[in-house]
Amino acid sequence: MSEEIEIRQLLDAIYLRYHYDFRSYSAASIKRRLLAAKAQMKAETLPALQERVLRDPQLFTRLLQFLTVGVSDMFRDPSFFRVLREQIVPELRTYPSIRVWIAGCSTGEELYSFAIVLREEGLLDRTTLYATDINPEALHKAEQGLYPLDRLQAFTENHQLSGSQCSLSEYYTAAYGSAAFDRSLRKNVVFSDHSLATDSVFAEVQLVSCRNVLIYFDRSLQDRALGLMKDSLCRRGFLGLGSKESLLFSEHSGAFRDFVASERWFQRC
Amino acid sequence: MLSHDLREHLSQSEALVVGGSAGAVEALNQLLPEVAEATRIPVIVVVHLPPNRTSLLPEIFVARCRAPVREPEDKQPLSAGIWFAPSNYHLLLETDRSFAFSTDLPVNFSRPSIDVLFECAADVFGERLSCVVLTGANDDGAHGASVVRQKGGLVIVQDPNSAEAKQMPSAAISRANPQIIAPLPEIAELVRLATRAAQ
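Going down the list, the protein sequences come from chains A and B. Read left to right, the first sequence gives residues 1 to 269 (this note's numbering). Read left to right, the second sequence gives residues 1 to 199 (this note's numbering).
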């Protein structure tokens with residue numbers, strides 16, 4: 001019980017000092033992440049961690065890496081991208097210019113997966129992708145598009161399963177143990193600091209992908225985030241969520257209909 | 001013979017969490033059909049699975065079990081029945097007794113990790129929790145079981161001599177000081193006891 005109080009105090013303090021709002025994050029995972037941070041940053045207790053982080057912004061930057069970075073693969077859940085390619089791209093094609101929002105893009109795996117599908121389908125040149133996250137270091141990595149080579153085998157298999165006719169190796173060059181993704185993939189990408197917890201709508205888009213981000217939020221924050229996505233999407237726009245995320249428990253469920261429910265693709269009414 | 005105290009502990013548990021790896025599907029085949037049709041409590045199961053393949057376990061077990069078998073959704077409230085952790089996520093529980101997920105790094109090379117589920121479940125249920133560690137070829141579950149034990153829960157471990165892979169139950173025995181070490185037919189009896197409606 002006292003641990004829960006310490007966590008709340010720490011999250012309140014972070015909000016007051018740094019304006020990052022983790023107060024409505026899923027308690028179970030924030031606890032695990034904070035305890036991992038406490039151990040790695042060699043703090044005896046959570047209050048000790050709090051005191052150090054409040055004094056030293058650089059330590060907060062370190063803590064932020066524990067609090068925000070989820071781990072994703074390119075083309076995670078290949079069948080999700082197959083639906084994008086086969087059923088959603090034909091609808092996107094009808095727009096003269098396309099805007100896509102990758103919400104909570106972290107280190108960019110999802111972003112490059114979308115960019116590659118759009119390139120392969122001939123739509124990337126007329127698409128603007130907004131890639132947003134609250135973690136500046138993650139955004140910087142996304143902008144660099146460098147991934148360790150040992151992850152590429154899994155990415156390549158997923159890419160094939162997503163229905164591509166090409167080889168993933170066409171999109172990167174390998175050097176010094178890393179795969180550097182082709183900069184032309186991010187020519188039309190706007191990288192931006194944006195918080196689903198505290199910021200508002202910034203553009204009208206035809207597609208939002210926000211996968212395995214909502215799982216880290218409690219239900220009230222999920223509703224806030226889904227509200228932003230709802231208000232950003234044009235009529236008949238598409239929303240893609242992670243494979244365990246749904247609109248079942250959301251107040252916004254009425255604003256969407258199932259598009260391919262099994263792959264968590266929804267369409268704005 | 002099960003002591004009166006352990007029997008009480010079992011029948012007062014508000015959840016049963018189960019973890020296993022190599023050989024676990026066969027072991028679950030002996031245990032899960034024993035879950036009462038109108039089970040009193042949720043039975044939540046983590047089996048190590050290869051990532052990026054949909055888990056077939058709910059499909060396999062729905063035909064073999066009398067109790068309902070499902071995979072939870074994010075934030076779904078816990079209810080009685082058998083629940084399987086999906087592949088490629090950690091399965092967590094919130095204190096309001098709902099399911100939660102994370103894509104944080106694997107723990108003990110595993111996602112889902114048994115430790116993650118057991119630690120969360122111990123936070124939520126404290127002494128009103130029973131856990132079972134089954135056959136498996138790594139140490140996942142040992143730390144989680146020790147947390148369950150520390151918080152007053154009941155720890156049951158498959159007898160390593162009867163396990164297809166001994167490492168997981170052996171690690172749990174050395175780290176968690178379990179109240180019960182037993183072969184599968186006896187654990188099946190405990191599952192029946194834990195899940196049947198109050199007399």
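Please note: incorrect hints may appear among the correct ones.
[To be verified] Listed next, the stretches of chain A that the computed footprint assigns to chain B, with coverage defined by at least 3 CB atoms under 8 Å from CB atoms of chain B:
| id | region |
| --- | --- |
| 1 | 21-32 |
| 2 | 91-100 |
| 3 | 107-119 |
| 4 | 129-138 |
[Said to hold, decoys possible] Here are the computed distance ranges between Cβ atoms for each label pair:
| id | chain 1 | residue 1 | chain 2 | residue 2 | range |
| --- | --- | --- | --- | --- | --- |
| 5 | A | Y18 | B | E186 | 18 to 28 Å |
| 6 | B | S3 | A | E157 | 47 to 57 Å |
| 7 | B | I60 | A | A261 | 14 to 24 Å |
| 8 | B | R70 | A | F202 | 56 to 66 Å |
| 9 | A | F202 | B | S174 | 23 to 33 Å |
Keep in mind the hints are simulated off the structure, nothing from the lab. Backbone N, C-alpha and C define an ideal beta-carbon position, used for all residues, glycine too.
Verdict for B/R70, A/F202 (Cβ pair) under range 56 to 66 Å: 38 Å, violated
Count the residues of the region 107-119 of chain A with a beta-carbon closer than 8 Å to any beta-carbon of chain B: does the count reach three? With 0 residues closer than 8 Å to chain B, the region 107-119 of chain A misses the three-residue bar; violated.
Range agreement (Cβ of A/E157 with Cβ of B/S3, hint 47 to 57 Å): Holds, at about 52 Å.
Counting residues of the region 91-100 of chain A whose CB is closer than 8 Å to a CB in chain B, do you get three or more? violated (count 0)
Between A/Y18 and B/E186, is the Cβ distance one that fits in 18 to 28 Å? 54 Å, violated
Please check whether A/F202 and B/S174 have a Cβ separation lying inside 23 to 33 Å. Given about 55 Å between the Cβ atoms, the range is violated.
8 Å C-beta test of the region 129-138 of chain A against chain B, three or more residues: Since 0 is below three, the answer is violated.
Please check whether the region 21-32 of chain A has three or more residues whose CB lies within less than 8 Å of a CB on chain B. holds (count 6)
Quick one: are B/I60 and A/A261 within 14 to 24 Å, going by C-beta? This hint holds: roughly 23 Å between Cβ atoms.
In summary, the structure is inconsistent with hints 2, 3, 4, 5, 8 and 9 from the numbered list given earlier, while agreeing with the others.
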